[in-house]
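*Asks:* In the order they appear, the protein sequences are chains A and B. Okay, so the first sequence: first residue is 1 according to my numbering, each after it adds one. Okay, so the second sequence: first residue is 1 according to my numbering, each after it adds one.
One or more of the hints may lead you astray.
Identical chains share a label here; the pair holds if one copy fits it or two copies do between them.
Restricting the straight-line Cα-Cα distance to at most 27 angstroms, the calculated cross-link-like pairs of lysine-lysine (DSSO-like) are [what the hints assert, rightly or not]:
#, residue 1, residue 2
1, Lys31, Lys640
2, Lys630, Lys685
3, Lys685, Lys366
4, Lys206, Lys373
5, Lys564, Lys373
6, Lys685, Lys410
7, Lys559, Lys366
8, Lys630, Lys31
9, Lys559, Lys630
10, Lys559, Lys463
11, Lys40, Lys640
12, Lys640, Lys206
13, Lys640, Lys55
14, Lys366, Lys557
15, Lys685, Lys373
No lab work stands behind these hints: they were computed from the structure.
Number of protein chains: 2
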Amino acid sequence: MSFLWEVLVFSALSAMLALFYSHRTTLWCLKQDRGTEEMKTIGDSIYEGAMAFLKREYQILSVFVLIVSGLLIWINSGPLRLIGLSFAFGAFCSGLSGLIGMRVATQCNTRTAAAARTGLNLALKVAFRGGAVMGISVVGIAIFGFCLLCGILCLRYGTSIETLQNVIVPIISGYALGASSIALFARVGGGIFTKAADVGADLVGKVEMGIPEDSPNNPATIADNVGDNVGDVAGMGADLFESYFDAVLGAMVIGVFMTGTDVFGQLQLTLLPIVICSIGIWVSVGSTFLVYVREDGEPQKALNFGTLTATGLTALLTLPACLFLAPVSFDTHHSNWGIFWASLTGLLAGILIGKIAEYYTGMHTKPTRTIAKACETGAATAIISGLAVGMRSTVLPVLCFIVATLLSYKFAGLYGIAIAAVGMLSTTGIQLAVDAYGPIADNAGGIAEMSGLGHEVRSRTDKLDAVGNTTAAIGKGFAIGSAALTALALFTAFRNSVGLESIDVTKPLTICGLFLGGVTPFLFAALSLEAVGNAAFSMIEEVRRQFRTIPGLLEGKAKADSAKCIDISTRAALREMILPGTLAIFTPVVAVWIGGTELLGGVLAGVTLSGVLMALFMANAGGAWDNAKKMIEGGLHGGKGSAPHAAAVIGDTVGDPLKDTAGPSISILIKVMCVVSLTLAPIFKEWTPLLENWLK
Amino acid sequence: MSFLWEVLVFSALSAMLALFYSHRTTLWCLKQDRGTEEMKTIGDSIYEGAMAFLKREYQILSVFVLIVSGLLIWINSGPLRLIGLSFAFGAFCSGLSGLIGMRVATQCNTRTAAAARTGLNLALKVAFRGGAVMGISVVGIAIFGFCLLCGILCLRYGTSIETLQNVIVPIISGYALGASSIALFARVGGGIFTKAADVGADLVGKVEMGIPEDSPNNPATIADNVGDNVGDVAGMGADLFESYFDAVLGAMVIGVFMTGTDVFGQLQLTLLPIVICSIGIWVSVGSTFLVYVREDGEPQKALNFGTLTATGLTALLTLPACLFLAPVSFDTHHSNWGIFWASLTGLLAGILIGKIAEYYTGMHTKPTRTIAKACETGAATAIISGLAVGMRSTVLPVLCFIVATLLSYKFAGLYGIAIAAVGMLSTTGIQLAVDAYGPIADNAGGIAEMSGLGHEVRSRTDKLDAVGNTTAAIGKGFAIGSAALTALALFTAFRNSVGLESIDVTKPLTICGLFLGGVTPFLFAALSLEAVGNAAFSMIEEVRRQFRTIPGLLEGKAKADSAKCIDISTRAALREMILPGTLAIFTPVVAVWIGGTELLGGVLAGVTLSGVLMALFMANAGGAWDNAKKMIEGGLHGGKGSAPHAAAVIGDTVGDPLKDTAGPSISILIKVMCVVSLTLAPIFKEWTPLLENWLK
C-alpha cells in the first residue's frame, strides 16, 4: 500500500474514532435525567425552536448550494467540473456537523440543569460532554469527508503528483469552499437570531419592566435560549469546521507545489497536515476524559487542564510525525525539524492569543475594571472606554501574529506559516468542546431560573456559566488568530496558483484592491449590525405588545407567546443573512472581472488586514463590556440596580452584536474570500479583466 | 531670469497677497463692535484661556523641536544636515499659522455675537472673515515659507536638477516634516482639550444638573468655548497646513525624478504643484468676497457659493498652467493635458467625498434619521445604529478614492495621483475659511447665551452654528480624502527614494509591516480616547465639586471658577499628547531598525489603509450622532427632554471624541509616518536591519 493510502486510511480511522466517540457520548448524555415536567416543557420548546430554525435555514441554503454548484460545474471544464460536487459535499458535511452539535446541545441543557440539582461535577460533565460531541464530531466529519473525497478522486484519477496538483487538490478546495459558505451563512444568520432575541429580551424585560434575566414571564426568553444554540453552537461549529479545514487546505496547496524536494517529498508535505490533524483527534478524544471537578472546585481549572494537556500531547506527538513523515530537506534550506518548530509556534501562538483575549475581557482584569469605573460617570463614558479597550486590545494579538509569522517563516518558509495555522488548529476538537460547553451551561442556567429550581442549583449553573464567558472570549481570540494565519497561507497559495509574481501595493490596481478589500469588513459589519438592529426592533415591539395585551403576564399569571418571538427572530435572521453572505462570495469574482488578479491580490491583503483588526476590536470590546457589567452585578461601583449598572447594561447591549454577530462573521468573511479566490484561481487566470487595456 | 526663479517669485508674490489680505481682514474684524461689557468679559476669558493654552503648548513643542532638530543634524551628513533647520522652520511656520488663526478667531467670536444683534449678514460676515484670516494665512505662510527656503537653498547650492534631486527637495521634506509634527501634536492636544471640556460640561451640566448648554453657571462652559478654538481652529489650521504642503511635497518628489522627459521637463513637473497652489491662493482670496447672505437667506448657500466658485475658477485657471508650464510629454506616454485632467479629478473627488460625508452626517438625511429613530428604543440601540452608520459610511468615499486613483493614474501615471492630491487641496484657503468659521459661530452662540442676549440674536447665531456643523463634516471628509491620496503619493515617493522595487505583501516582512502599520491607528485612537476619558473624568469631578461647594452656583447667584477648569483641560491635553505623538514619529524609525525598508513599506501601506478607514468611520459616526441629537432637539421623536433625547445625548457624547480627537488625528498620523519615512529615506537606505540576516 502506498504512502498516500496509508495516510488516508490512518486519517479515516481517526475520524471514525471521533464519530464513534461522539455517538457513545451522545448516548450517555441522552441517558441522563431530564428533570421535572416543567423543565422538560421548557427544554422541548428550546429544542423545537432551534430545530425549526435550522430546518428553515438549511432549506434556504440548499437552494444557494444548488445554484452555486451549478455555476461551478458550468464555468469549469474537464475533471474540475467536480468542484461543483465537492462544493455541495463540503456544504453538506458542514451543515451536518452543525446539526449533530445542536441536537445534542439542546438535549444537554435541561440535563445539565437537572444534574446541577445533585452536584457540580455531574453538571459540568453533562455540559462538557454535550460540547464534546459537537467538537469531536466537527473534526471527525471534516476529516472523514476529506478522506472519502480524496480516496474516490485518487481511485478515479490516480495518485501522480501532477494529478494531485492539477486535479485533486483543486477539487478539494471546492470542499473547503462549500464548508466556508455554509459557515458564513450559519454564523451571520445565527448571530442575528441570537442577538435580536437577546437585545429584545434585555431591553424590554430587564430595563423597561425590571424583571430578572431568563424570567419565564418574558416572551423573548425562550427565543434568547434558542439563540444561544443556533448562534453559539451551530454557528460556531460551522465556523470552526471551516477554519480547521481551510488551514489544512492552505498547507496542502503550498506543499503540493513545493520545490527543492523530490516527488515523494511533495507528497509528504501535502499529506502532513492531515496527519497532524489526525493526531489532534486522538489527543482531543483522550483529553475529554480528563475534565473533572470536585464539588468545591473550579470548573475553569478542569477545562484548562483538559485543553493544556491536549496541547502538550499534540506537540509531543507532532514531533515523530514531522521527523518520520516529512522530507528531510525541502525549499533549498528547510528541514523536517523546521516543520515541527513551525507547528509548535502555531500551537503556542494560539494559546497566547487566547490568553491575551482573556486579559482584555476577563473578570477583574485592568481593562474591564477601567470600563466598570467609567460606568460611574454614565453610559457615554462606559461606551468610550469600551471602544478604547477594544481598539487597544488589537495590538498584542497582532504583535503575537507578527512574531509567529516571522518565526514559522524562519523555520520552514511559506509552508511553515501554513503549518503554524494547522498546528494552532490541530486541537480544535477539544477547543470547540470547551467553546460549545458555554451555551449549554448558559441554557442550563436559564432553564433552572425559568423552572424555579432552588438557589443552590442556580448558583451551580451560574458557576458553570461564568466559566463559559471566559472560554468564549478565548475561543474567539483563537478563531481570529487562526483566521489570520490561515488567510495568509491561503492568499500566498492563491498567488502561486494564478502565477502572480508579487502583490505589490505600489501598483495602482493593487492599492485600489487593498482599499476595496479593506472596506469590505466595514460594510459587512454595518450590514450585520443593521440586521440585528432591525430584528431587535421588531422583537422589542412584539415583547412590548405582549406585555400590553396579555393581562397578568408580568405577574406570571398568564403564559407568554414564545413561539411568536422565535418566529420573528427566525424570519429576520434568514432574511438578513442573504446580503452579507452574497457580498462575501461575489466580491472576489467582481474584483477579478473588473481588475484582474492584481486587483484581487490587493483585495485579499486588504480584507485580511482590516478584517483581523475589526474582528479583534469588536470581539474584545464586546467581551469587556459583558464582564464589566458582571463585575458591577457582583457588587462593584454600586452593584445591581445602581446608575453605574444601568450604564453597564447599555455597554453590554452595544457589545452583544459586536462580539456575537459582526466580529465572528468577519473572521469567516476573510477566509471565504480567500477560499473563493483560491478555488476559482484556475478560471480567474484565464479572464481578461475590463480594466486591463484601459490602464495600459 | 530662469524658470525656477520666475515661479518662486510668482508664488512668493501670491503668498504675500494672502498675507496682505489676512492683515487687512484682521484689521477690519478688530474694528467691529465687541458688544456689552459682559460680552467683553466673557470674550476676554476665552481669549486668555486659549492663548495661555497655546503658550504652554508651544513651550513644550519647542523642546521637542529642538531635540528632533538636533537629532536630524546629527544623523545626516553634508548639506542634508540642513534638514534639521528646515524641520525647525516648518514647525515654526505651522505654529505661527495656528497662532494667527486663533488670535483672530478668539477676537471674532464676541464680535459675531455683537453683530448678530443687528442682522444675519453682518454676523455671517464677521464670522466668515475671521475664518478667512485663518484659511488664507495658512496657505500664505505655507507657500511663503517654502519660497523663502527654496530660494535660499537655490542661491547657496545652485539650481541644477541633480542638486534639486539630492539636496533641495530632501531638505524641503524636512520643512514638511516640521509642519506635520506640529500638526499632529496640535491636533491631538487640541482634540483632548476640547472634548474633555465638552464632555465634562455636558455630562454634569446638561445631564446631571439639567441646565442648558452654554449656561454661565456651568464652570466648564468657558473651557468648552476655549476648546472649540484650540481644537477646531489652531488644531485644524496646523492640520490643513500639513495636508496642503505634504501634497505639494509628494508631487515634487515624484516630479523631480520623472523619466521620459528632459531636464527642463523635470523642473517643470517639480514646480507645477506650487504654481497650482498659487493659483488657488488668488482664487481663494477672490472668492471670500462672494460670501454674502440676506436677512432671510441661507448662510449655507452663501458658503457653498463661495467654495464652488473657487473650485470652478481653480479648475479653469489650472488648464493654462498645465498647458504652458508642464512638459508636453513625460513618462513615456503622458502629456500636459493628462496633468490637467488628473488635477480636475482630484478637485471633483474632493467635493464628492465632502458631499458623501454631508449625506451620512447631515440633518434629516436617511442615516441620521435611522439613528434618531433608534434613540426611541434607548441608548444602546442609538449607539449600535451610529456604529453601523459610521462603518457603512466608509464605503462610498473609498470607492470615490479608488476611482480617483485609477483615473488620475490613467491620465498622468504616479505623478497624476500626486497632482490629484494637489488639485484637491488647491482650494484649501477658502475651504479652511469655511471650516474655521464653524467654531467662531459656535463660540458666538455660546457668548450670546452666556451674556443673556435676546431670543432673536440667539436664533441668528444658532442658524450660523448649524451651518458650521455641516461644513465641519464636509471639511473632515475632505481632509481624510486628501490624506489618502497624499499618503499614496508619499509612499510611492518613499519607495523610489529608498530604491525598493516593490512593496510585495506576499513577502513575510512586508505582510508583518502591513499588520504593524494597520494596528497603529487602533492603538493611536485608543490612546487618544483614553486621554479624553481621563481628562473628562477630572473635569467631571471638578465641575461636580464646584456645584457642591460653591453655594448659589446653580441658581446663578455665585460665579463659577472657570480658570480651574481651563487649567485641568490644559494640563491633561499637554500631558496626554506626548505618547501618541511620539508613537507616530518613532514607529517608522523602529520599523526600519528592526526589519528594514521592506518592513517599513508594509507599515506605510497598512497605516494608510486602516487609518483612512478608521478616520472615516469615526468622523462620520460622530457627526451622525451629533445631528441625530440636533434633529430630536428640533422636535423629532419626542423632542428635548424626552427619553429618546437622553439616548441621543449619550450618542453625541460618545461621538465627540471619535470625531474631534481620534478621527482627525489619525489622518495626520498617516501622513506623519509617510513624511518621516520619506525625509529619513536617504539614511534608512544605509541601515542594516536587525532581522536581515536572521530571516535569510
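*Asks:* Give a verdict on every hint.
*Replies:* Status of each hint after checking the structure:
{"no.": "1", "hint": "Lys31 x Lys640", "in the structure": "neither (39 angstroms within a copy, 60 angstroms between copies)"}
{"no.": "2", "hint": "Lys630 x Lys685", "in the structure": "neither (53 angstroms within a copy, 53 angstroms between copies)"}
{"no.": "3", "hint": "Lys685 x Lys366", "in the structure": "neither (51 angstroms within a copy, 41 angstroms between copies)"}
{"no.": "4", "hint": "Lys206 x Lys373", "in the structure": "both (22 angstroms within a copy, 21 angstroms between copies)"}
{"no.": "5", "hint": "Lys564 x Lys373", "in the structure": "between (39 angstroms within a copy, 24 angstroms between copies)"}
{"no.": "6", "hint": "Lys685 x Lys410", "in the structure": "between (30 angstroms within a copy, 24 angstroms between copies)"}
{"no.": "7", "hint": "Lys559 x Lys366", "in the structure": "neither (44 angstroms within a copy, 39 angstroms between copies)"}
{"no.": "8", "hint": "Lys630 x Lys31", "in the structure": "neither (34 angstroms within a copy, 61 angstroms between copies)"}
{"no.": "9", "hint": "Lys559 x Lys630", "in the structure": "neither (29 angstroms within a copy, 42 angstroms between copies)"}
{"no.": "10", "hint": "Lys559 x Lys463", "in the structure": "neither (29 angstroms within a copy, 54 angstroms between copies)"}
{"no.": "11", "hint": "Lys40 x Lys640", "in the structure": "neither (31 angstroms within a copy, 49 angstroms between copies)"}
{"no.": "12", "hint": "Lys640 x Lys206", "in the structure": "both (11 angstroms within a copy, 25 angstroms between copies)"}
{"no.": "13", "hint": "Lys640 x Lys55", "in the structure": "neither (39 angstroms within a copy, 47 angstroms between copies)"}
{"no.": "14", "hint": "Lys366 x Lys557", "in the structure": "neither (44 angstroms within a copy, 43 angstroms between copies)"}
{"no.": "15", "hint": "Lys685 x Lys373", "in the structure": "neither (56 angstroms within a copy, 48 angstroms between copies)"}
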